[in-house]
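There are 2 protein chains.
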Amino acid sequence: VWENLDLAGAKDKGKAEDVSLAPFPYVRFTDAWKGVPRGTIALADTVVPGYPRIGRILALQSGLHERFEGGFWTEEKVDGYNVRICRLHGHALAITRGGFVCPFTTDRLPDLIDLTLLDDEPDLVLCAEVAGPDNPYNESCPPFVTEDVRLFVFDMMRLGQGGFLPPQAVYERIERFALPSVQRFGRYTVADVGRIRALLRKLNAEHREGLVFKDDPKGARRTKYVTSNANVSDIRSTAENILELPPNYFTNRILRLALGLQEQGLERSRELEQRLGAAFLEGLLEALDQYNTEQRVYHSYRCRFRQRQSALDFLTFLQALGGNRAKIEQRDLRQESGYWVLEYLRGYPALNGLLGSVLRGGVLYD
Amino acid sequence: VWENLDLAGAKDKGKAEDVSLAPFPYVRFTDAWKGVPRGTIALADTVVPGYPRIGRILALQSGLHERFEGGFWTEEKVDGYNVRICRLHGHALAITRGGFVCPFTTDRLPDLIDLTLLDDEPDLVLCAEVAGPDNPYNESCPPFVTEDVRLFVFDMMRLGQGGFLPPQAVYERIERFALPSVQRFGRYTVADVGRIRALLRKLNAEHREGLVFKDDPKGARRTKYVTSNANVSDIRSTAENILELPPNYFTNRILRLALGLQEQGLERSRELEQRLGAAFLEGLLEALDQYNTEQRVYHSYRCRFRQRQSALDFLTFLQALGGNRAKIEQRDLRQESGYWVLEYLRGYPALNGLLGSVLRGGVLYD
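Heads up: the sequence lines are chains F and H, in that order. Going by this note's numbering, 360 is the number at position 360 of the first sequence; the sequence numbering is gapless. In this note's numbering, each residue carries its 1-based index in the second sequence increased by 366.
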């Protein structure tokens with residue numbers, strides 16, 4: 001698959017496109033195609049494989065049993081955005097899940113991770129989650145990142161190759177180079193499902209997102225399981241996005257929540273019901289308040305850059321990414337404590353359109 | 367529009383189809399087409415106009431202001447299913463919104479309404495809502511119908527003609543023939559919005575669905591407004607349908623709920639939040655319990671017929687209507703207190719499929 005990528009064929013079929021935003025041009029796979037994951041990027045001399053989708057289980061015991069014959073490594077799933085980090089043509093770059101070089105994450109790499117490891121193994125691709133209140137993509141963040149952003153390595157791949165390094169090979173490099181990484185909980189088997197449930201209850205109580213499981217020794221088979229609170233918190237943080245997200249974004253999470261309660265042998269409680277209802281209503285009523293005061297609904301983002309030019313590149317990137325629907329508006333770009341602090345807004349065009357119409361007395365046929 | 371309906375053209379475009387289930391064959395409009403509403407049915411010698419969609423307002427004051435210049439008649443909106451009742455070829459028939467002769471409602475017409483009015487005016491079409499716990503379509507029903515079903519007239523049309531009779535002409539006939547009808551609250555103007563809000567608060571407290579407004583004198587312009595509790599109750603009664611209904615069924619109702627709270631100047635309360643969360647979780651956890659006990663999720667229906675043959679026709683009708691997705695299963699058909707009582711189940715194929723897969727340990731890529 002990787003040696004003779006049929007770029008012309010993929011572009012012909014609309015599965016790949018040229019990208020010119022980065023320090024050099026490359027081809028990005030916009031969809032999965034013939035075994036090549038979406039987000040794969042191809043240069044003249046190498047390929048950064050896309051990060052493949054990980055299937056979700058909704059029933060822990062039977063899901064682990066179906067998926068794993070022997071042991072599996074268990075790691076925390078962090079609520080952030082996925083990047084692949086590698087050196088290309090001498091540039092250390094952070095590439096998003098979709099296959100774009102991210103001007104924000106790339107700019108901040110020196111703050112987030114020591115890449116000495118890449119001197120030894122220049123063909124390594126580090127897969128990491130970036131999370132925190134000052135991130136430009138997610139509207140929520142994990143409770144243990146209280147300012148700016150942090151980076152958590154959880155996988156390694158090699159340029160021009162598919163598949164992941166085995167978990168223990170990743171762990172060994174994380175230790176040796178003191179890389180920031182996701183929490184690792186060690187090796188379990190299906191017989192340990194009671195301990196895994198207890199671990200999930202603890203993560204749930206701490207409002208953490210969930211677990212990823214990878215087979216021992218290869219790490220090629222993997223699956224994920226998300227906590228109840230992560231489902232509620234996803235709804236809370238995206239309620240004002242109710243008209244932009246595919247509506248089954250919400251119904252899927254409610255269904256997962258019900259299955260999670262059953263899985264964990266929990267009764268539904270009035271407290272959980274109230275939090276689920278509040279997740280929708282709080283977010284929407286805040287959006288309505290904002291609309292009444294400012295005649296539009298938007299979300300404010302703030303993020304810090306080392307270089308002023310990176311902040312400008314990032315705005316260009318966001319606008320290019322979102323097309324007409326992006327509604328990105330710069331608010332401020334100032335120097336502060338050695339960083340360039342960018343503040344910008346992202347509007348919600350569908351919700352703004354609907355509110356504009358119905359609050360002026362428009363009718364809906366639905 | 368009505369005199370020279372282009373049935374061949376409509377059928378050609380897939381907007382109309384032949385129906386052979388009724389006492390006589392007819393053509394049904396499966397979609398709105400060139401001013402003909404969906405659900406219109408055409409016989410050789412006449413046409414039963416479809417019941418047009420009524421636009422919903424989400425902001426009471428501005429919505430009424432936009433819609434009505436002078437007075438408007440205000441009626442209760444009842445949570446049931448819409449039928450048009452008329453005499454065709456000597457048969458008194460009840461026709462569903464979609465344009466099918468309903469074997470259940472048609473069978474029960476003598477119990478539900480005295481059609482003497484049609485002796486005087488044989489071209490009248492009575493538009494009514496049928497509601498109650500023993501109805502075969504809706505999974506919820508209004509609190510004031512505690513057994514079987516009842517019928518509530520709210521509009522009148524004429525065979526072969528578009529448009530409605532003016533509200534006062536309808537009210538006069540309802541009085542004269544003592545027809546069962548929806549509650550009428552009289553004539554208001556936009557200046558009365560405070561009184562209308564108070565009325566809606568009362569309807570909401572009584573768990574009634576909402577109001578329909580029709581311009582005075584013609585009744586041609588109309589709109590509707592639904593209570594907060596109706597939104598929650600819709601979600602509660604259809605939660606197990608979460609994978610079959612379009613997912614924006616749910617997000618629309620949540621958005622209406624938030625707008626309704628703002629409209630009515632209500633704060634969101636923990637009690638309402640809890641009821642919204644419970645609406646989803648109760649229904650889904652009941653479905654999961656049912657799946658664990660019986661290996662499938664279904665809803666039980668019971669309805670009474672005067673004639674045994676009507677019950678059999680009704681089952682044939684439901685199966686024809688639902689195609690392969692219907693999963694209708696007869697449970698019982700017995701004589702009881704002078705009626706034939708039909709009990710049947712309707713399965714939820716999408717939810718059953720998903721639960722079958724994930725509870726056996728399947729993974730989802732979502």
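Simulated from the structure, these hints should not be mistaken for lab results. The beta carbon of each residue, even a glycine, is placed where N, CA and C say it ideally should be. Hints are supplied without guarantee of correctness; some may be wrong.
Stated by the list, open to error - Taking beta-carbon pairs under 10 Å as the criterion, some of the chain F residues facing chain H (in silico):
1) 64
2) 262
3) 281
4) 353
5) 354
Claimed, not checked - Quick list of the computed label-pair ranges, beta carbon to beta carbon:
6) F:347 - H:379: 38 to 46 Å
7) H:661 - F:176: 46 to 54 Å
8) H:661 - F:322: 40 to 48 Å
9) F:54 - H:661: 46 to 54 Å
Hints, verified against the model:
{"no.": "1", "hint": "64", "verdict": "8 Å, holds"}
{"no.": "2", "hint": "262", "verdict": "5 Å, holds"}
{"no.": "3", "hint": "281", "verdict": "5 Å, holds"}
{"no.": "4", "hint": "353", "verdict": "13 Å, violated"}
{"no.": "5", "hint": "354", "verdict": "8 Å, holds"}
{"no.": "6", "hint": "F:347 - H:379: 38 to 46 Å", "verdict": "39 Å, holds"}
{"no.": "7", "hint": "H:661 - F:176: 46 to 54 Å", "verdict": "52 Å, holds"}
{"no.": "8", "hint": "H:661 - F:322: 40 to 48 Å", "verdict": "46 Å, holds"}
{"no.": "9", "hint": "F:54 - H:661: 46 to 54 Å", "verdict": "29 Å, violated"}
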